[in-house]
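Residue numbers (the numbering used here), protein chains in the order written: chain A, 3 to 328; chain B, 2 to 618.
Just to be clear, a hint being listed does not mean it is correct.
[To be verified] Here are the simulated lysine-lysine pairs, DSBU-like style, with alpha carbons at most 35 angstroms apart:
#, chain 1, residue 1, chain 2, residue 2
1, A, K328, B, K479
2, B, K349, B, K479
3, A, K328, B, K334
4, B, K487, A, K263
No lab work stands behind these hints: they were computed from the structure.
Here is what each chain is made of, one letter per residue.
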Amino acid sequence: MDILSTAFLVALVAGALRQTTPLLFTALGGMFNERSGVVNIALEAIINFGALAAAVTVQLLEAPYLAADPNLRIWWIPWVGVLAAIVAGVLTAWVHAVVSIRYRADQIVSGTAINMLSFGLPSIVLLFLYHNTTASKEVVHRILPISSYLPFLQDFFATPLGRILDQSPLVYLAFLLVPVTYFALFKTPWGLRVRSVGEHPEAADSLGINVFLMRYQGVLLSGVLAGIAGAYLSIDQINQFIRMMAAGRGFIALAALIFGKWHPLGILGATLLFGFAEAFRIQIEGAGVLPSPILQAFPYVLTMLVLAGFIGRARPPAAIGKPYEK
Amino acid sequence: MSRVLVPLVSLFFALVAAASPWFVVTRAFGGKGVLLAPFGLVNPGGVRVPDFDLPWVPLAFWAWAVLAVLASLAYLFLTGRNRARALYLLGGLGLLLFALEAYAFYRQVAEVNAAALEAGARRPPLKRYSLSLGLYLQLFYALFLLVLARMHTPGGAGLLVRYRGVVVPAVSLLLAMVAGGVLVWLLRPIPGLREPLSTYGYLVAKLDLVTYTFQLLFGPVLTLPGLFQSALIATPLIFTGLSVAFGFKAGLFNIGAPGQLIMGAVFAMFAGLYLPGPRFLVLPAAIAAAALGGAFWGAIPGWLKARFGAHEVINTIMMNYVALSVMLLLLSKNEWSFFGHVVHFPFKAPGYEPKSLEISEAARIPLFLNLLGFKGAGSGELSLALPLALLLLVLGYYLFFRKLELGPRVLASLAAAMAGYLVGGWLPGIPAQVGADLASVRLNGAFLIALFSVAFYNFYMWRTKHGYELRAVGLAPKAAEYAGVKITQKLVLTMAIAGALAGLAATHYVLGGGIDEYRFKQSIPYNVGFDGIAVALMGQNTPIGVTLAAGLFGVLLTGGLQLNLQLGISRELVLVLEALIVLFIAAGGFLPRYFTDPLLAAEFLKRLAPEAEKEVA
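Kindly generate the complete structure, drawing on both the sequences and the hints.
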C-alpha cells in the first residue's frame with residue numbers, strides 16, 4: 003500500500019469527513035448545554051435513540067410503498083427519519099433536562115441512567131418490531147450523497163476532488179453549523195444569555211434572564227443536534243440501527259468539546275483530529291500494520307491523551323454541573 | 002401531607018382494585034390465565050377450567066370500598082389520637098380481610114384440585130394459581146393505612162424522612178416498576194387472546210399481563226434453585242456495586258467497572274494459566290491477581306485526575322473501551338501481525354469460540370455446593386463446617402469480642418471462625434437431597450469473597466482513619482485538604498481500591514467458572530460494571546444496602562429468563578428497570594427535597610419536634 007497515492011489520500015480525507023460529522027453534530031450540541039451550565043453525559047444515549055428512531059421510522063414508512071413496488075424511491079422518506087431522530091433526541095434530552103434542572107439531580111448520574119436506558123430500551127423495541135434484540139431491518143431509503151441530487155455534475159464527481167466532496171447533505175450541514183453556532187452563541191443576545199447562565203446564573207437571574215428556560219433550551223438543542231448525529235449513523239453511514247450504535251461517540255464528542263475549549267472553531271479542530279484518526283485507522287486496518295484491536299483502541303487512547311494534555315489550560319463554564327436554586 | 006392526598010390514594014386504590022384481577026385461578030404456559038376479578042371471570046385465552054367460583058369476591062370488593070371511604074373520612078374529619086386510632090383499626094381490619102381472602106382462595110383451589118384428582122384426572126387441573134394485583138393492592142393499602150396511623154401518633158410525623166435512606170430507593174423502585182408496567186402494557190399483546198374482550202375484560206387482562214410480568218421477575222425468591230441462581234447473578238453485582246459505591250464515597254464516579262472487571266479477568270487468567278504450585282498458594286494468588294488487575298486499571302484514571310485534572314468519568318469510560326480491545330487482542334486470535342512480523346500468542350483455546358485455555362485445577366474456586374459438603378446431585382450430607390464458621394465469625398465479632406480493639410477483635414473472630422470450621426468438619430453432616438436443578442447452578446465460592454468484600458468495605462470506610470479521610474474528601478474536598486489529607490494520593494488510592502473491587506468480580510467468572518467453564522471467555526458479561534452503578538445508588542452506598550440491592554437485581558435478572566421464556570418479553574426489561582431506578586434515585590424519587598438533602602432533612606425534623614412534644618403534653 004502506498005501511503006501517498008492519490009486513491010489513499012482521497013479515501014482518507016473523504017473518510018475523515020464522514021467520521022467527523024457525527025462527532026461534530028454531537029459536540030456542537032453538547033456545547034450549548036455545557037455553555038448553559040448543564041453537563042450532558044447522555045449525548046451517547048441521544049445518539050442511540052436518534053439512530054433508532056430514524057431507522058425505525060424510515061423502515062415503517064417505506065414498508066407499504068416497497069410492498070407495492072420494490073423499486074420505488076421517495077425522496078422525503080429519509081428526511082422524515084431525520085425529523086424522527088430530532089424528536090427522539092429532544093425527548094431524551096428533555097428527560098435529562100427535567101431531572102437535572104427541575105429536580106436538581108446529579109447531572110452525571112442522570113446522564114448515566116439515560117445512557118443505561120439507551121442500552122436496554124432499544125432491544126425491547128426491536129424485539130417488538132423485528133423479533134430480534136440487536137438490529138433493525140435494513141432500510142432502503144438512505145440519505146444519499148449529493149451526487150445523486152446533481153446528476154448533471156457526474157463528471158466532476160469522478161475526479162479526486164469530486165470524490166472527496168461527494169458527501170451526504172448532512173455532512174455539509176454539520177460543517178455549516180460551525181459558523182452558524184458561532185454566530186448564535188457569540189453574536190446574538192440569546193447566545194449571551196446562554197453563556198451568562200452557565201457562567202454566573204445568580205447574576206443572570208438578577209438581570210431578569212430566566213435561568214431555567216435558558217438551560218432547558220441549551221439541553222434541548224443538544225438533543226436536536228445529537229439526534230441528527232444518530233440519524234446520520236443509522237440511515238446515512240449504513241442502513242440499519244444496531245444496538246449500542248453510538249459506540250462511545252457521545253463521550254468522544256464530550257472530550258472534543260473540552261479539547262475544543264467550548265468554542266465552535268476549537269470543536270471543529272478537535273473533531274477533525276478524531277475524525278482523521280478514525281479514518282486513518284480504518285484505512286490501515288486491512289494492511290496488517292498492527293492488530294486490529296490495538297487500532298480500535300486508538301481513538302479512545304487519543305481521547306485520554308487529549309484530556310490529560312490540555313484540560314488544565316481550558317476553562318470550563320464556571321457554573322457547569324451545579325443545579326441552580328432560585 | 003396534603004389533606005386531599007389520602008382520599009385520592011383511596012379512590013385510586015378502589016378504582017384500580019375494581020379493574021384488577023384478584024386471583025389467577027389457573028395459568029397455562031405462555032401466560033394465558035383464567036382471571037377472577039370483582040366483576041366477573043375473565044378468560045382471554047379460552048383455557049379450559051373446571052367450575053370455580055368465589056361468590057364473595059364482589060362483596061369483598063364493596064367491603065374494601067367502604068373501608069377506603071371510612072379511611073378517607075377518618076383522615077379528613079378526625080384529629081390527633083382519634084385519627085391515628087381509626088387508621089390503625091382500619092389498617093388492621095384490612096390486613097385481616099386480606100388474609101381471609103387469600104386463605105379462602107387457596108382452600109377453594111385445593112378443594113377443586115382434590116375433587117378433580119378423585120374424579121380420575123391425572124394431574125391437578127389448576128396450575129400456577131396465585132394471588133394477583135387486586136390482592137397485592139389490598140395488602141399495600143392496608144400497610145399504607147398503618148404507616149399513616151403511625152405518622153399521626155406522637156413522634157411519628159418524621160417517620161418517612163428519618164428512614165429516607167429506604168424510602169427514596171423504595172419509591173424509585175416502585176416508580177420504575179410502574180414505568181416498566183406501562184411499557185409492557187403498550188408493547189405486549191394479551192397472551193393467547195382469541196376474541197375481542199369487553200372493555201372491563203381488556204383492562205383486567207392487561208393488568209394481569211403487567212402483574213404476571215413482575216410475578217415472573219420476582220419469582221426466583223420462591224424456590225431454592227431460584228435463590229441460588231439469584232445469588233450467582235448477584236455475586237458480580239456485589240463486587241461492582243461496592244466498586245462504584247467506594248468511588249461515590251470519595252466523590253468520584255467510577256464508570257470504569259466494566260474495564261476493571263475485564264483487566265481483573267486478564268490478570269486472573271495469567272495467574273490461573275501460569276502459576277505453578279499447590280492450591281493453598283495458587284488460589285489466593287490468583288484471587289489477588291484479579292484484584293491487582295482491576296486496581297491497575299482503576300489507578301490510571303485516578304492518576305490522570307490527580308496529575309492532570311482530567312475528569313475521571315470520561316477517562317474511565319475510555320478505559321472500558323481500551324480494556325475491551327485488550328480482551329479482543331488476547332482472546333479473538335492467536336496470530337497477530339505487528340508491522341509485518343507475525344507474533345503468536347499462547348492464550349486462546351483452539352476452536353471457533355473466543356475463550357482462553359482452561360486454568361489450572363489449583364486456581365479454581367470450588368462450587369458453593371461443594372463447599373457445603375455435597376458432591377453434586379443426589380443424596381449427600383450438609384457439612385456443618387462452613388455454616389458454623391460463618392456463625393462463629395459473626396457471633397465472635399458482634400458478641401464475644403466486642404470489648405477488644407479493632408485489630409484483635411477481627412483476629413479473634415477469624416480464629417473463632419477457623420475453630421468453627423474445624424469443629425463443624427469433624428461433626429457428622431446432615432443428610433440431605435440435592436436436586437438436579439440445584440446442582441446445575443454454578444454458584445461458587447466467589448459469593449463468599451463478595452461477602453468478605455462487603456465486610457472489608459464496611460471496615461475500611463467506617464472503621465479506619467483512611468476511610469474517614471476518604472469520606473471527608475467526598476463530602477468537602479477543600480476542608481479535607483486543609484485538615485491535612487493528601488488529596489492527590491487519596492484519588493489514586495481510591496480509584497485503585499475501587500478498581501480492585503471490580504476486578505474481583507472476575508474471580509466469579511474466570512476462577513469460579515461462573516459462565517460454565519474455568520476459562521476467560523469473551524462472552525464475559527462486563528456490562529455488570531454498569532449495573533454496579535444502579536446497585537450502589539439503590540443501596541445508598543451502605544454495605545447492607547449494596548448487598549440487598551445486588552440481591553434484588555440478581556432476582557430480577559434471574560426472573561428475566563422466565564420472562565423471556567413465558568411471555569417473550571426481552572430480558573432487557575430488567576436493564577430498563579435498572580436505568581429508570583438510577584434516574585429516579587438521581588431525581589430523589591420526585592419526593593420533596595428534605596428527603597434527599599441531609600441539611601434540609603435535619604431542619605424538617607427539628608421543625609416537627611416541638612409539635613410532637615405538644616401532642617404528648
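> When the hints from earlier in the document are held up against this structure, which numbers fail?
Replying inline: Numbers 2 and 3, in rising order.
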